[in-house]
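J.: What follows is each chain in one-letter form.
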Amino acid sequence: MTAATTEKILANLQAALAGLTPTRLRFGRSGALCLTVLDTSLLRVARVVRDLELAHFARLENLSCAHLDDQFQLTYFLRESRHGMATAKGAMSAPVTNGGAELILKTTFKAPEKNQQGGPDWPSVTGVWPEAAPFEAEISEFFGIRFVPRVAGETESSRPYVGFPLRKDYVFPRELLGREMDAE
Amino acid sequence: MKRPAFKHTDLSRLRVGPIHPDLPGPIALTLLLDGESVVEATVERGFAHRGLEKVTESRLWHVTPAYAARLEPEASAFSELVFCLAVEELAYLTAPPRAQSIRMILCELSRIASNLLSVSHMARLVGSGTFFHYVQRDREKILDLIELLTGARFNLNFLKFGGVKADISEGFVERVLETCEALRYRLKEYNDLFSYNTSFLLRTRGVGQISAAAVQEFGLTGPNAWASGVFADSRIESPYCGYDLVEHQGVTPVVTDPAKQGDCHARYIVRLQEILASLEILQTVCHHLPVGEFARGKIDKDFAPASGEAYARVESPRGLLGCHVISTGGRSPARTQFRVPSMSVYHALPHVLKGISMEDFPVFLASLDLSVAELDR
Numbered sequence: 001m002t003a004a005t006t007e008k009i010l011a012n013l014q015a016a017l018a019g020l021t022p023t024r025l026r027f028g029r030s031g032a033l034c035l036t037v038l039d040t041s042l043l044r045v046a047r048v049v050r051d052l053e054l055a056h057f058a059r060l061e062n063l064s065c066a067h068l069d070d071q072f073q074l075t076y077f078l079r080e081s082r083h084g085m086a087t088a089k090g091a092m093s094a095p096v097t098n099g100g101a102e103l104i105l106k107t108t109f110k111a112p113e114k115n116q117q118g119g120p121d122w123p124s125v126t127g128v129w130p131e132a133a134p135f136e137a138e139i140s141e142f143f144g145i146r147f148v149p150r151v152a153g154e155t156e157s158s159r160p161y162v163g164f165p166l167r168k169d170y171v172f173p174r175e176l177l178g179r180e181m182d183a184e
Numbered sequence: 001m002k003r004p005a006f007k008h009t010d011l012s013r014l015r016v017g018p019i020h021p022d023l024p025g026p027i028a029l030t031l032l033l034d035g036e037s038v039v040e041a042t043v044e045r046g047f048a049h050r051g052l053e054k055v056t057e058s059r060l061w062h063v064t065p066a067y068a069a070r071l072e073p074e075a076s077a078f079s080e081l082v083f084c085l086a087v088e089e090l091a092y093l094t095a096p097p098r099a100q101s102i103r104m105i106l107c108e109l110s111r112i113a114s115n116l117l118s119v120s121h122m123a124r125l126v127g128s129g130t131f132f133h134y135v136q137r138d139r140e141k142i143l144d145l146i147e148l149l150t151g152a153r154f155n156l157n158f159l160k161f162g163g164v165k166a167d168i169s170e171g172f173v174e175r176v177l178e179t180c181e182a183l184r185y186r187l188k189e190y191n192d193l194f195s196y197n198t199s200f201l202l203r204t205r206g207v208g209q210i211s212a213a214a215v216q217e218f219g220l221t222g223p224n225a226w227a228s229g230v231f232a233d234s235r236i237e238s239p240y241c242g243y244d245l246v247e248h249q250g251v252t253p254v255v256t257d258p259a260k261q262g263d264c265h266a267r268y269i270v271r272l273q274e275i276l277a278s279l280e281i282l283q284t285v286c287h288h289l290p291v292g293e294f295a296r297g298k299i300d301k302d303f304a305p306a307s308g309e310a311y312a313r314v315e316s317p318r319g320l321l322g323c324h325v326i327s328t329g330g331r332s333p334a335r336t337q338f339r340v341p342s343m344s345v346y347h348a349l350p351h352v353l354k355g356i357s358m359e360d361f362p363v364f365l366a367s368l369d370l371s372v373a374e375l376d377r
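Protein chains in written order, with our numbering: chain A, 1 to 184; chain B, 1 to 377.
Just chain A, same shape as in the assembly (with noise of 0.2 Å):
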């Protein structure tokens, strides 16, 4: 994506999002757009980005998660969907979703104090992009951030609470490590 293509889709944004303009960091050497959003803000970036005129952000590529200090640390990577677009054999019918801009959203909040059972609430995106189900699942269950509202046929997990692993204050049982971690 270019330099120019980057700052029309900004302003774009801006024009759309009128009062609550999302800071923009930097995000690796990529020089993807990344913007950071509060939880309060989440959904309603996430519905004008799907829905922009100058680029349709219509695919949820990855969400990842991480716990860095006292705070989760959500990222939303999109990329934009591009419809009846040629291959380089030619014509094909759509759709087709080659190509197309990145977006990257990140979003902080605090973390819970110890590895409780039942962590924060945080708003789902199902409901703009359906394929962050699988992500949001994984998620809760590795880090215990509950995705509201529920998505419709997600199962309580049948296995006994045993901690979140993925949280850094999870210490494993030994019985599970079998030699040291840090042994290096």
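Please note: incorrect hints may appear among the correct ones.
Stated by the list, open to error - Calculated pairs, DSS-like style, for lysine-lysine (alpha carbon to alpha carbon, straight line, at most 25 Å):
(1) 8(A) - 110(A)
(2) 298(B) - 110(A)
(3) 141(B) - 168(A)
(4) 114(A) - 54(B)
(5) 106(A) - 54(B)
(6) 160(B) - 54(B)
(7) 168(A) - 110(A)
(8) 301(B) - 168(A)
(9) 354(B) - 160(B)
(10) 165(B) - 141(B)
(11) 165(B) - 298(B)
(12) 54(B) - 301(B)
(13) 114(A) - 168(A)
(14) 165(B) - 354(B)
What the hints assert, rightly or not - Simulated restraints, written as ranges between beta carbons of each label pair:
(15) 113(A) - 129(B): 56 to 64 Å
(16) 300(B) - 36(A): 31 to 39 Å
(17) 359(B) - 31(A): 24 to 32 Å
No lab work stands behind these hints, which were simulated from the structure alone.
Remember, predicted model here, so these are calculated numbers, not experimental data.
For glycine and all other residues, C-beta sits at the position ideal for the given N, C-alpha and C.
Let chain A serve as the given structure and place chain B on it in line with the hints.
T.: Same frame as chain A, now just chain B:
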């Protein structure tokens, strides 16, 4: 479309797995059946979870690619590569051109091996033992090449940040070209013997169709999406390792009849086409292999990228494989997250299994090429 009508009998419940010969690995399916047809399905996973992402958080940076390689042993080159690309972006490292070409050769060989395994599974499940053995015989030749390059056939652990661990040996390129030429003839033989065999068509045409809308709803990628007419290929979308320099046409789904688009046969054909595309890429790369160093930078126990984060994506044989790496400047990654293509397939299973007849169930699952190793990473 070949699909048995619901008989409206008393519904029965059948639990398949977690260990079952028709399943690609330890997952459990609970099927609600009306006669022979699936009315409802639920899927459970996590029977062999290995905590790979968590393990990387307690390992030194320079040893972590070896853990990434364990993501999917059948196609470990891709998980190593995506992890290395993300860390290289963090550390401001760039692999030299020769290393990039070697990575590309390794990836395309792995892609061929993985796709051959997938089509051979389908053949075995429809009872074609001859074809299964033919394909496995050819796959052995590809695995021999991978062994010649890396010293291993699975779990390669060959890539490192800034390049690869060894240069190619003398005569390797010639052997790759020779094998590519032989495999081209084999693909024709596969089509003559099996691809359009009447009994195979009866078992796969119109079976397990996945619509383009479902592909987009569940986020399916790779051959499963291409067979349904949804085309997105990371090698074209966001080129890496010099894929933009290679004339790569990508795979164009051949099925134009909507009644047959996205069925088991279309997925099978797309995988054969993908093998052909990989052969073309291999031949181009082998003829234009750059000279020079195969690794750059000092990667040892003191290696630690600066604080920051990066996201890389590659096109694995099953679809889009992504990796998000976060560094806080420490001796280990603060977080490694993989976006695996099988997750979308798993998510779609309860939906796409509806209406499948029990006799078609094994071949349908095989056509999706679900990797449980990726799911339970």
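J.: Against this structure, judge whether each hint is valid.
T.: Tested hints:
For the suggested pair residue 8(A) and residue 110(A), the alpha carbons sit about 33 Å apart, so the restraint of at most 25 Å is broken. Distance hint between residue 298(B) and residue 110(A) is unfulfilled; the C-alpha atoms sit about 38 Å from each other, more than 25 Å. Distance hint between residue 141(B) and residue 168(A) is unfulfilled; the C-alpha atoms sit about 45 Å from each other, more than 25 Å. A hinted pair counts as satisfied when its Cα atoms are at most 25 Å apart, and residue 114(A) with residue 54(B) qualifies at roughly 18 Å.
The hinted pair formed by residue 106(A) and residue 54(B) meets the criterion: a straight-line CA distance of about 21 Å does not exceed 25 Å. For the proposed pair residue 160(B) and residue 54(B), the alpha carbon gap of about 20 Å is at most 25 Å, so the pair holds. Among the hinted pairs, residue 168(A) with residue 110(A) is consistent with the structure: their alpha-carbon atoms are about 13 Å apart, no more than 25 Å. Between residue 301(B) and residue 168(A), the direct Cα distance comes to roughly 23 Å. Compliance with the 25 Å bound is thereby established for this hinted pair.
In summary, the hint linking residue 354(B) to residue 160(B) is not supported, as the alpha carbons are separated by about 44 Å, beyond the 25 Å threshold. With a CA separation close to 22 Å, the supplied pair residue 165(B) and residue 141(B) stays within the 25 Å bound. Distance restraint check for residue 165(B) and residue 298(B): the Cα-Cα separation of roughly 12 Å lies within the 25 Å cut-off, and the hinted pair is therefore satisfied. Of the supplied pair hints, the one linking residue 54(B) and residue 301(B) holds, its CA atoms being roughly 19 Å apart against a limit of 25 Å.
Restraint check for residue 114(A) and residue 168(A): the C-alpha separation of about 10 Å stays at or below 25 Å, so the hint holds. The hinted pair formed by residue 165(B) and residue 354(B) fails the criterion: a straight-line CA distance of about 47 Å is larger than 25 Å. Between residue 113(A) and residue 129(B) the Cβ separation comes to about 60 Å, which falls inside the hinted range of 56 to 64 Å. Hint check: residue 300(B) to residue 36(A), Cβ distance near 35 Å, so the stated range 31 to 39 Å holds.
About 52 Å separates the C-beta atoms of residue 359(B) and residue 31(A), a value inconsistent with the hinted range of 24 to 32 Å.
Violation of the numbered hints given earlier is confined to hints 1, 2, 3, 9, 14, 17; the remaining hints are satisfied by the structure.
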